[in-house]
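According to this note's numbering, the sequence shown holds residues 1 to 140 in order.
Among the hints, a few may not be true.
[Said to hold, decoys possible] SDA-like mimics (lysine to any residue), calculated; alpha carbons at most 25 Å apart, straight line:
(1) Lys114 x Ala89
(2) Lys114 x Glu74
(3) Lys114 x Tyr56
(4) Lys124 x Ala21
(5) Lys6 x Pro100
(6) Lys124 x Tyr56
(7) Lys6 x Glu16
(8) Lys124 x Val105
(9) Lys6 x Pro19
(10) Lys6 x Glu41
(11) Lys114 x Met125
(12) Lys124 x Asp43
(13) Lys6 x Val18
(14) Lys6 x Glu138
(15) Lys6 x Gln87
(16) Lys6 x Ala89
(17) Lys6 x Asp43
(18) Lys114 x Asp43
(19) Lys124 x Ala13
(20) Lys6 x Gln99
(21) Lys124 x Thr53
(22) Lys124 x Gln112
Rather than coming from a laboratory, the hints here were simulated on the basis of the structure.
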Amino acid sequence: MTVWQKLEQWLAAWPEMVPLARDGYGPAPDQASLMAEGSRELDRWQDVLGNVTVEYRQDYSLHLCLAREDGRPELWLERLGDWLLRQSALGLAPVFGDQPAAEGVAVSHPIQVKRSPEGTAVYKMELSVTFRRRYEAEHG
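Can you make the complete structure from the sequences, with help from the hints?
Structure follows, in C-alpha cells:
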C-alpha cells in the first residue's frame, strides 16, 4: 500500500471526516480531496554491509470544501489537525516506512483558498509525512 493510500485510509478513520473525492482538485461541498505535493530525500545512511537507510518527507495538501456557518469550518479543521497530531504522537498513525519510531506527521494551519456565493469555502491544509526506508544491499 502506498503512503498516499495509507494517508487516505487514516483520514477516513476520523469520525468527523467528510468523504474523500477521487477526482482530484475541486471537492464538492462537504467533501475533501488529497493531492500529492512532492517527495524529497532528507538524509541517507549506509552501514558497513552496504545496506542503505533513507529518510524521506512526502508532502500532501488536503483540500476541504465546507459550509461557512458561524465558525464551524475553523473549529472542524482545528479538531482534525489536533486528531492527526495526537494520533501521530501516540503511535496510532499508520506506519509509512520501516522504522515506526522515527516517523512523524506535521500539519499546517489551514487557510481559506476559495469562497463561493453559495455559502461554501475551500480550505487547504498541508500534511507532511516523514519516514525511513531501509534497502538491503545485494551480495552476489
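Checked hints:
1. Lys114 x Ala89: violated, 31 Å
2. Lys114 x Glu74: holds, 14 Å
3. Lys114 x Tyr56: violated, 31 Å
4. Lys124 x Ala21: holds, 14 Å
5. Lys6 x Pro100: At roughly 14 Å apart (the allowed maximum being 25 Å), Pro100 and Lys6 satisfy the hint.
6. Lys124 x Tyr56: The hint holds at about 22 Å.
7. Lys6 x Glu16: Roughly 18 Å between the alpha carbons, so the hint for Lys6 and Glu16 holds.
8. Lys124 x Val105: holds, 16 Å
9. Lys6 x Pro19: holds, 15 Å
10. Lys6 x Glu41: With a Cα-Cα distance of about 19 Å, the restraint between Lys6 and Glu41 holds, given a limit of 25 Å.
11. Lys114 x Met125: Holds, because 13 Å separates the two Cα atoms, which is no more than 25 Å.
12. Lys124 x Asp43: violated, 28 Å
13. Lys6 x Val18: holds, 17 Å
14. Lys6 x Glu138: Roughly 29 Å separates the two Cα atoms, so the pair is violated.
15. Lys6 x Gln87: Holds, at roughly 14 Å.
16. Lys6 x Ala89: holds, 17 Å
17. Lys6 x Asp43: It holds: about 23 Å lies between the C-alpha atoms, which stays within 25 Å.
18. Lys114 x Asp43: Violated, at roughly 36 Å.
19. Lys124 x Ala13: holds, 19 Å
20. Lys6 x Gln99: Holds, because 16 Å separates the two Cα atoms, which is no more than 25 Å.
21. Lys124 x Thr53: violated, 32 Å
22. Lys124 x Gln112: Given pair Lys124, Gln112 holds - Cα atoms ~6 Å apart, limit 25 Å.
Going through the hint list in order, the structure does not satisfy hints 1, 3, 12, 14, 18, 21.
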